[in-house]
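The listed protein sequences derive, respectively, from chains R and P. Using this note's numbering, read the first sequence as starting at 4 and increasing by one per residue. Using this note's numbering, read the second sequence as starting at 13 and increasing by one per residue.
Note that these hints are calculated values from the structure, not bench results. Remember, predicted model here, so these are calculated numbers, not experimental data. There may be inaccurate statements among the hints.
Claimed, not checked - Just a few of them, taken from the derived set where beta-carbon distance is under 8 Å, the chain P residues facing chain R:
| hint | residue |
| --- | --- |
| 1 | Ala75 |
| 2 | Leu77 |
| 3 | Ala97 |
| 4 | Thr104 |
| 5 | Ser108 |
| 6 | Phe123 |
| 7 | Arg127 |
| 8 | Phe333 |
Said to hold, decoys possible - From the derived model, a few chain R residues whose C-beta atoms are all more than 10 Å from chain P:
| hint | residue |
| --- | --- |
| 9 | Glu86 |
| 10 | His87 |
| 11 | Thr88 |
| 12 | Pro121 |
| 13 | Thr220 |
| 14 | Ser260 |
Backbone N, C-alpha and C fix where the C-beta goes; we use that ideal spot for every residue, glycine too.
The residues making up each chain are set out below.
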Amino acid sequence: MAIGAFSHGPSGITTDAPAQRSSRIAWLLLLPGILYLVLFFIVPLFSLVMTSFQEMVPGGFIGEYQNAFRWENYTEVLGMYGEHTLRSFLYAATATVIALIIGYPLAYFIGVKLRRYPLLQSLALVLVIAPFFISFLLRTLAWKQILADEGFVIATMKTLQLLPDDAHITGTAISVIFGLAYNFIPFMTLPLYTTLERLDLRLIEAGSDLYANPFTTFIKVTVPLTMPGIISGTLLTFIPAAGDYVNASANFLGSTSTAMIGNVIESNFLVLQNFPHAASLSLILMSVILVLVSAYVKKSGTEDLL
Amino acid sequence: MVAEVSGRGFAQSGADLELVNVSKRYPGFTAVDDLSLTIPAGSFFALLGPSGCGKTTTLRLIAGLEEPSAGTILVGGKDITATKAYQRPVNTVFQSYALFPHMTILENVAFGLKRRKIADPIKLATEALELVELGHLAQRKPQQLSGGQQQRVALARAVVNRPALLLLDEPLGALDLKLRRQMQLELKAIQSEVGLTFLHVTHDQEEAMTMADTVAVMNKGKIEQMGAPAELYELPFTRFVATFLGQSNLFDGVVTGQNDGTLTVAVGSENLLVPSSRSQISAGAITVGVRPEKLEIHREAPKAAAGRQIVGPGTVSDTSFAGVSTQYVVQVPVLGDITVFEQNDGDIVGVGEQVWLSWSVDHAFGIPVEETFDENDLSTRALAATVK
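Next comes chain R alone, as it looks inside the complex (with noise of 0.2 Å):
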């Protein structure tokens, strides 16, 4: 995918010296990358592919386990655990969807509306990156705190006779994906910005114009040319919310009945040892989310946006 935002650069068929200089320049800029990303990344992932299909070994102590080729894990796994893969894509797929709802207008007004106000554009840039200022785990636990039995959240809601006598928030889905969908809206925000804010404003009157309503002219004409911008927000609230694993933990936002992949694949790592398995879950969920991920990115047709 983002490979082809690459291949029209010049592609080093020309054999004449200066290109030839120019292609060894780049090879020497990108080595630094190259060096970290094999390092950090394809050797780590190596040993986590070996991980993932290793046995214990016979009459070994818990957590000692030897190189195999031991396939079963996955399925052990899958049944295991499928249930808890199950929830983490529909609580991630909730939250994005909250969080584009709520991330739209939002980086409407501060791309569009606030243009002609830059100070206050960028006060309000400010105001949505605000929160990273925090620890995400702080805010979790005010949350937490917040949303909890005796907070006056429930308090009030209770009052009102909104919820029954004998409701809880924290614990539950709700409190999970709010968790979920409050921590990632900066990442939805931002990208959506950065497309709203180039948005030709000129193709809005073309589209009042021919005898579009504003309805109809957002989606025919808005929705499409901030594509990229939606993709790359829902891409990046998407991913990592389907990994989490604060949020659903006991100790944050959610309960045992809440887990997602991420709590299961940190208990199996760091409670039970059981690092093939832990191995083996890891690597269902970063192959579920590459198939997701390329078949949303393709559906939307914008793979040369990536």
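Got chain R; can you put chain P on it based on the hints?
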């Protein structure tokens, strides 16, 4: 001629456009100042003026892209002031073309038809593309087309809707001279073919004069003068029209007498004659003007003749040869620099030579005295000057 102006369905013909006391005020300045204007159905009307004169704002008010601060806009006798842009039976060819980059040419042209649920939009759009000779490019994207082709797509996209009124916002501005001339002819041909009312906004006086039936010269949010191009050119009513539309030699003086339908104007120690029927002023301060091509240049003092104004002798201070004609600047005592365009008859007067000038009194015109407007205001002129 009653046109369909409901916003749905095709207009069978163009519709009258009427602006009644329309104003558009922004904080600190007035873009359009109490403008009243009637454009008859089926005509090709040009709104001509320098940038910042309010012509584009006027167009946007008619299109519904801006709301007037005061006044009424009527199309085909129906008040559309309160309606939204998408409800108006009006289409615009934008200066930037504003083609949708994510759609093919055909989809761009079919856009308006689809919104109005017209039957068989693809067939009509294809026909419109044939009209502008771009049928073969229907499946391309706008950015794959040249500027001239994009301009024609923008035109097809607007014309295909058969609007009661078509607005053109300097659509030829981005084209080079040769293509512009060609597009001017094509536009004119399309207009007479489809019989729509065209309102063309431009700062190019030549474009306005060649294309339009009626030209309105606009300055500072007001219309200075309106009429057929030749009328405006031959008999300007204001200093602005006299200088913005072509060139004029202008002399400030005072009316000293009138006899037999002719005013005598004293400019310093010189006396100039102006037919009173061609003068906006009949007494007091006056500016007398005459177009440079109406002047004749003589090496020897011409004999005085009735109805002929003779001035001189003066000295030729500049000669520039422009092919079909030669432009002279002649310094005449009292009157100052006078510009003369003379057809190229092979005899070019050299710089420094002593000459006399003459013109038919019937070509002179009288206008109110006004402050010389700042030529730098006119970005077009400024641009032209920089190019020179």
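If any of the earlier hints don't hold here, list their numbers in rising order. 8 and 13
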